[in-house]
Amino acid sequence: MEKFTTHTGVGVPLRRSNVDTDQIIPAVYLKRVTRTGFEDALFAAWRGDPEFVLNQPAYSSGSVLVAGPDFGTGSSREHAVWALKDYGFKVVLASRFADIFRGNSGKQGLVAGAVAQEDIELLWKVLETRPGTEVTVNLVDRTAIADDVVVRFQVDDYTRWRLMEGLDDIGLTLQHEGDITSFEATRASWRPKTLPAKTLPKVDIEAARPV
Amino acid sequence: MAGTLAEKVWDAHLVRRGTDGSPDLLYIDLHLIHEVTSPQAFEGLRLAGRQVRRPDLTIATEDHNTPTLDIDLPIADLTSRTQIDTLRNNAREFGVRIHSLGDADQGIVHQVGPQLGLTMPGLTVVCGDSHTSTHGAFGALAFGIGTSEVEHVLATQTLPLAPFKTMAITVDGELPPGATSKDIILAIIAKIGTGGGQGYVLEYRGDAIRRLSMEARMTICNMSIEAGARAGMIAPDETTFEYLKGRPHAPEGADWDAAVEYWKTLRSDDDATFDEEVVLAAADLEPFITWGTNPGQGLPLSASVPVPAEIADENERVAAERAIEYMGLTPGQPLREIAIDTVFIGSCTNGRIEDLRSVAKVLEGRKKADSLRVLVVPASARVRLQAEAEGLDKIFLDFGAEWRNAGCSMCLGMNPDQLAPGERSASTSNRNFEGRQGKGGRTHLVSPLVAAATAIRGTLSSLADLDLPDDVDLTSFDGTPLAPLDPRVLLQV
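If you're matching them up, the sequences are chains E and D in order.
Each residue of the first sequence is one higher than the one before, counting from 935 in our numbering.
Each residue of the second sequence is one higher than the one before, counting from 481 in our numbering.
No lab work stands behind these hints: they were computed from the structure.
All C-beta atoms in this analysis are idealised placements derived from N, C-alpha and C, irrespective of residue type, glycine included.
There's no promise every hint is true.
Here's a subset of chain D near chain E, in silico, CB distances under 8 Å, partners left out [claimed, not checked]:
1) Asn-545
2) Thr-548
3) Gly-582
4) Ala-584
5) Gly-608
6) Ile-625
7) Thr-674
8) Gly-675
9) Thr-753
10) Phe-754
11) Ala-783
12) Val-787
13) Asn-885
14) Gly-902
Excised from the complex, chain E in its bound form (with noise of 0.2 Å):
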């Protein structure tokens, strides 16, 4: 994972709260088996209308996103934070993140930073009044500065330790790998394992067939 310690890009603002995986990208571009190459299922719905505003010359080169309450709910998709990625956002500020969409965010390098509604409200401001208006993300400080206006953002203590350092989860997990094997140990044995497999009897499933 690249170390991310600052960003300037331009900011988008995307007025809508409750925006959900489902809409960052909807179902049918889930069937890839790839991790890259998303970028045009990125809010494949609303791509289409030329209101939308990553449709607007101004903000179409966007990497940072300044969306409303609720980014990211539903399903735990993380082609979604691929597609962001993908389509080139380093950086997502909201004032509430589904816990799921955080999580894969951090996973993946993407900073998704919570700041309080009425700042989301003041970036959302400048970035309209003045389209194409850059927006610096300092992880350091967590800060996000656009023009004159500056706002505080929350990222976890370890989650920015991990995105500042560039580091990989299962390394760090591997270092404790004594602890794993410890554990294991103590496992109760009334505790499944799904192999040797039981299953009832086999069945010849019938196929259902169009009406």
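Given the structure of chain E, go ahead and fit chain D onto it with the hints provided.
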């Protein structure tokens, strides 16, 4: 020290307590996998030269993409087929158990775990799917994870997690006739909002919850994520033990006794404190439906479409205006007058045998409204077999419904089961987001009983709108166990 159910399960899985602000490392008992959120995780393992640490705690099934017709033919959609093939290849390469399309144990991952007896009280259960909260109905700490976390669990069988807050949601009293566990959870979400549960594990308590069957409890826990919560839990009791006993992977003999003894300790202590408490009176509930484009935009069926001008909060008002426009509704229009094009009965929320039984009981001897399409999609192949053994398939077909093979189907429209633009559904699933069931599709979330009544009348309806025969006992629809779900008897042929 007194603890909540969630805290007890958490503590029992601590591999390592976090220090200096780093998260706790938790052991994962059961990892469920499906085709959509796993390919990139396996690819990550391959690139790093890692193995699956515990294939014996991992199980895969195909559900999101799979067709519900012609399942014996090659999958027509090439990208879907590639994704399914990728899962099969990954399962083979890494030694993971898989139940593929056509196998009697294939189905929606959140039905497969419970029906095999793999989901048990006191476990940690994860899956790359937000509706993993379903398994909390057994008193497990179960939550959805992203693909990076899927890879993490595959590689280490653990997850680094920051502690959750806890919220008690108490539902006391008797549900009125025609109201179900789906109405309980829709009412909870409308009350606390789609963000109300963020950062929390919800624990559902109270005598109205205690009386519910496991199927009905799964419906409630399933939609915890729709309130923003990572997980929802219900303390295990005799209903839980009865459901589990004798299932393929349930413990046996001395292991069963030891397990039950432990499971009985899995309840929040009387003096445990929750970070938040919410109380609901079951008697006040009635059939609930959603009118908007998030699951918090719900109202009792007797209400009307909201009038945005009357909503004080600006964000909510704008969201309501947008939702009403997308849904093609008129402010102030009675919800009962909304005409429906498609009724979808299925999903990990309401595709279980008990749901199919209650729907069949309402539909029996009737015909669907002419204008409607009615899809009945069992949650798993075993549920389908059980329904057929009980003759429910005949009732659905005589009614004019389509009786399909198992899978996620129209809940999210990744397979061909989709709404056309502008088409309106009454759906027993869990999400009414814009385009969720197909681009431009309009979804009203409903209980199975509302779905059944709507399928008869063609407009959003409840049992109260039907002339039900005298011998139909409405109180038997409230989610209390009807006949025990017992595939052990019916399917051991």
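Contradicted hints - numbers only: 9, 10, 11, 12 and 14
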